[in-house]
Structure formats: structure tokens, C-alpha cells
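The task is to assemble the complex, starting from two chains supplied on their own in separate frames and drawing on the hints.
Chains as they are written, first to last, in the numbering used here: chain B, 1 to 169; chain P, 170 to 364.
Heads up, a few of these hints could be off.
Unchecked claim - Partial list, computed: chain B residues near chain P (C-beta under 8 Å):
no., residue
1, L10
2, L15
3, R22
4, S50
5, S55
6, E56
7, Q69
8, P73
9, V74
10, S103
11, Y114
12, R117
13, V148
Rather than coming from a laboratory, the hints here were simulated on the basis of the structure.
These numbers come from a predicted model, not from an experiment.
Each residue gets a CB set at the ideal place from its N, CA and C atoms; glycine is no exception.
Given next are the chains, with one letter for each unit.
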Amino acid sequence: MKYAALIIPLLFAALFVYALIRKVRLYDCFTEGVKGAIPLVVSLFPYLVSVLILSELFEQSGLSARLTQGLAPVFRFLGIPPEIGKLVLLKPFSGSGSTALLSEILSAYGADSYIARCACVAYGSSETVFFISAVYFAGSRKNLTKPVLIALFSNFASLILGCLFCRIL
Amino acid sequence: MRMLRCAADIQYPMNIIFAAVFLAAAVIFLIADPEGFLPAMLAGGQKAATVSLALLASYCVWLGFFKVLEQSGLSDRLAKGLFPAARRLFRSDDREAVSLACQNLAANVLGLPGAPTPPGVAATQKFLNARNGYAADMLFVLNATSLQLLPTTVVALRAAAGAASPADIFLPTLLATLFSTLLGAVLVFVTRKRT
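Here chain P stands alone, though its shape is the one from the complex (with noise of 0.2 Å):
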């Protein structure tokens, strides 16, 4: 039962790319480091374990952080704002997925570390139990081609490296990174369900 359900999953690209890859990597290591392989994954797995936990302290000061905005009322006066433009942008009238997914876009877009997951995780299964796959789409687009205005990381890694201006990569930065997320967002668009 269980293998069958696996076998009907096939469709989802990550399993004929991890099938593929995981396949490549086994016979290159047979072939040229017999012994390398269980380290390899051993090493894969010691990394998921620490970035975890990472994941975990990042999550425990969001999830504290949007509680209190809940309670506050803040962001029910935020999504009572947003409503009418996220609800097109979505095509959804269920104004709790709709404010987490807003909540999402924000925290993205401040690129604030860790914070987009919870509220997002959350829309999308509130998106998907209503059976609006475009919705659950369009917020994995907008997250997967990068919101974030100020790529903090990239100015912070170039200054460590004694680039002469660490900031002037912002607008090439910025120009693509509004460009990928527009593309996606009209590709979503563009391919929806007719209903």
C-alpha cells in the first residue's frame, strides 16, 4: 500500500530528481570512491540536523513575534487593508489564509531570516484544504523567486570580501529579482485552471 503510494507520487518532480541524482551520485561513487558514498549522505544528514535547529530558534521567534501581532489586532487591521488587492492576487475569499499569506509577502520582502516559513506553511495548507491549488501556486512562486528588497547576505559577504562598494550590486540585484517574480506570478497566471 505504502510503496504504491510512493509509485503514484511519481509525477512530483522531486522524485525523478531525486531518483536521478541519487542513482548519478551511486554509480560515480562505486566507480571512483566506493568508501565516500555513506559519508556523503552521513553528511547530508548532519546538516539537516544542525540546520534544523537553526530552523527551529528562527521559528521560535517568529511564531512568538506573529502571535503577539495576532492578539494585538494588528494583523487583522494589516489583512483588513491588504484584503481587497491580496484577494485578487490569490483568488480567494478566505480572509485568514489570505492575511498569513500576506503576513508571508511582508516578512520576504523586509527578508526577514526564518520569518516567512510559519505564516506561509499555514496559507498554503489553508489554500490547499479549500482546494484552490492556484492560490498555494502563486504564494510558492512569489517565495521561490525571491522577494527580498535589500540582499543582505550578498552586501554583507562582499564587504567581508574588501569589495570597494559592497552596495552596488543592489540594483542589478533588485531589477532581477523583480523581474523573476513577475515572470513567475504571470506564468502562474497565464497557466490556471480555467473554471
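Same shape as in the complex, but just chain B (with noise of 0.2 Å):
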């Protein structure tokens, strides 16, 4: 698992060797390159403020609380631990939320219970969708419902199965 920090740069250098054996001028192409940068963050800006607001109010009136205590029994039916509802909850609108959480149930549950390895799963195998969602399609009239229906519905339904393979695997 190590290995997987030598990608980056790995990647950089035979890329920049390559580009180097094709006679581009590096400078000038990545600066080139670094311009888009400003007016892809401010096309993007007012979808972020959004976004993270609603995250904000969600987690910090307790709707999310009594949200996953209401949902515990569905939870539990399905087989995903009720402590790790609110994870759920939260993972489709705020990455840096659900990490921030992800690290406290790892340290109020232990890194090598179940709940934590539900945890886990929970969290590296599905996205956050609303984020995406605002992001990718900004600004665009298209109807979303039905393209962020499936991300959400996928990602609950591999949940239900990620929760079943930390039992048996």
C-alpha cells in the first residue's frame, strides 16, 4: 500500500521526460495550462457556497442527528450499523465533513472494530454526489434527477453489500 504514493511522482516525471523527448517547451505549456485554473474555481464558487452551507445547517441543527436516530431502525433492517447513519447521511454533500467524522468514529469505536470498518467501507466506496453534482453540471439546465437518483441509489445498495463483506470477509 506504500507503493501507492510513488504514482504522483512517478507520473510527473515520465510525463515531463516524454514531453521533454517531444520538444514542448515545458514553462510556457504548464503555465499555459495554470491559466484556467482562477476561472474554473470562479465558475464553480457560487455552486461550493451553496452546497456547503446546507451541509453546515444539515449537521449543525441536529437534523442530521435525529435524521439518522429516525433512520436507525432501516439501518439495522438492512444490515448497516446505526452508528455510522450519520457517515451515510453526510458523505453525499461534504467531503471534508465526512472525513472529519470518519475520524472520530475510528477513534471513539476503534480503528479495528466493525463499526469502523463499516465506516470505512462506507466511506471510500461511494462519493459525494450533491458535490459532484453542482459542480460538473454548473450552471446547465439539464434535469438531474434521475443521474443523481442512480449515484445515490448505487451507492447505498454497494453499502448494504460493503457492510456484509466486513462480516464475512
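In C-alpha cells:
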């Protein structure tokens, strides 16, 4: 697993060597690419703000805690430990929020506990669906009901399966 | 005019979720802690500002990287190799858009933080301009069901929390994420509009 860290430096080194062989002027070219960064962030910024304000309200109002409590029987029925319910609800909105929550769960229940393992699978096998939909479709007028529902459903189904794997693997 | 346009967008699920969560949170704050409402919203804004700066930093690095990839001719060569398969996945003959989508998927699989977004956004815009909603949906669902093969964040957090063997979460996570991606792709395919 520690070899994973090698990917990024290797990728850059290999690309730059190849580019030099192909006589690309690296500095000019790299700088040219960077020019696009500020316009990209500016175009995403308003959507980011709305989604993050929403996820903050969701958490701080206690809404996520109440929903987690209400949904606990459902989670239990599906084989998902209710202790990770909050993580499951928060992950579609906020990457940084769910990272913080995951490390809380890890220290509260112990990194090798069943609950913590399920939390890791929940975190690792899903993505920030609302965040990504806001970023990728920023400003488009497309109806996103279908793709968002498909993504949420697939992530949830794989979570049920992932908790099952944690029990048997 | 502006109001009308916003009202017409009600189909987008984000509008419904935004209204529901916002109103429910406002009511709870009103009853329990009226003074906490504004600070909660400001905390969200603060986070957005911090996250934007972090994103800006990683977009700078990766946009530079992708420009070098493009000018060296490597992205064309990669696209040529992947085009026959990717063309069928996205049902698109737009070589440039499909190439961007492939770069997005590759960055996702390798788990390069921040790297998938620039080509992903560009590909989505190209697909939407070509009125290929199917390709845009497919790309979004592949991104939103996680393609990352090595759950590096999880392993790092588990190691920090003192797990006996931090990487033993790898197999269940991989199986779950492969399943979610496959299920998502199949659902997009099955629910496509037939033309």
C-alpha cells in the first residue's frame, strides 16, 4: 500500500521526460495550463458555497442527528450499523465533513472494530454526489433527478453489500 | 424573469433538497437556538472559501499537468487507444470530449486528488453542448460512485487511529466500489432514452 505514494511523482517524471523528448517547452506549456485554474474555480464557487452552507445547516441544526435516529431501524434491518448512519447521510454533501466524521468514528469505536470497518467502506466506496453534481453541471439547465438518484441508489446498495463483506471477509 | 427561471428549475433535485433542509434547519434553530443560525451559515461560507483555495491549488497543478499531456501529444495517443471502447461507453463520436472523459476516468482510478475535475467539467460541457445527455449522465454517475482503486485517505486515517493492519479494509472497499460503479453504469444504460 505504501507504493501508492509513488504514483504521483512517477506520473509527473514520466510525462515531463516524454514531453522533453517531444520538444515541448515545459515552462510555457505548464503556465499556459495553469491559466485555466482561476476561471474554473470562479465558475464553481457559487455552487460550492450553496452546497457547503447547506451541509453546515444540516449538521449544526441537529437535523442529521435526528434523521440518523429516525432511520436507525431501517439501517439495522439492512445490516448497516446505525452508528455510521450520520456518515452515510453526510457523505453525499461534504467530503471534508465526512472525513472528519470518519476519523471521529475510528477513534470512538477503535480502528479495528466492525463499526469502524463499515464506516471505512461507507466512506471509501461512495462519493460526494451532491457536491459533484453541483460542480460538473454548474450552470447547466439539465434535469438531474435521474443521474443523482442513480448515483445515490448505487452508493447505498453497495454500502449494504460492503457491510456484509465486512462481516464475512 | 430571474424568479421564473429559478421556479422552472424545481425538477433539479438539489432545489427540493435545498429548500427542505434549509427550512427544516431554520425551524429547528428558531425553536432551539435562534442565535446559532447565522453563525452556522457563515461557517458554511467560510468552509467554501477554504475549500475553494484548496481546489484552486490542486487545479493549478493538474491543469498544468494536463496541458503538458496535451501538447506532448500523449493525450492524443492515449485517446486513440481508448477511443473504440470509450466511444461505446459514452455513445459519442466527439473525439475531444471522449478523450477528456478518459482523462477524467484515469485520474479517478489513480485517486489523484483534484485531478479528475478539470477534464470532467470540460467533457460534461462538451457532451451537453452536443445534446448528449446520456454521456453526461454516464460520466457523472461513474464519478459519483467512486472509481478509486486504492482508498488512500481511509488507509491513512486507519493507520493514524492505530489499526492493527490499516490496509485490510482494501478488499471489501474495492468490491463495494466496483459494485456501485457497475450498478450505476447499468442503470444509466437501462434508463436511457431510446432514439
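Which hints, by number, does the structure contradict? 1, 7, 8, 9 and 11
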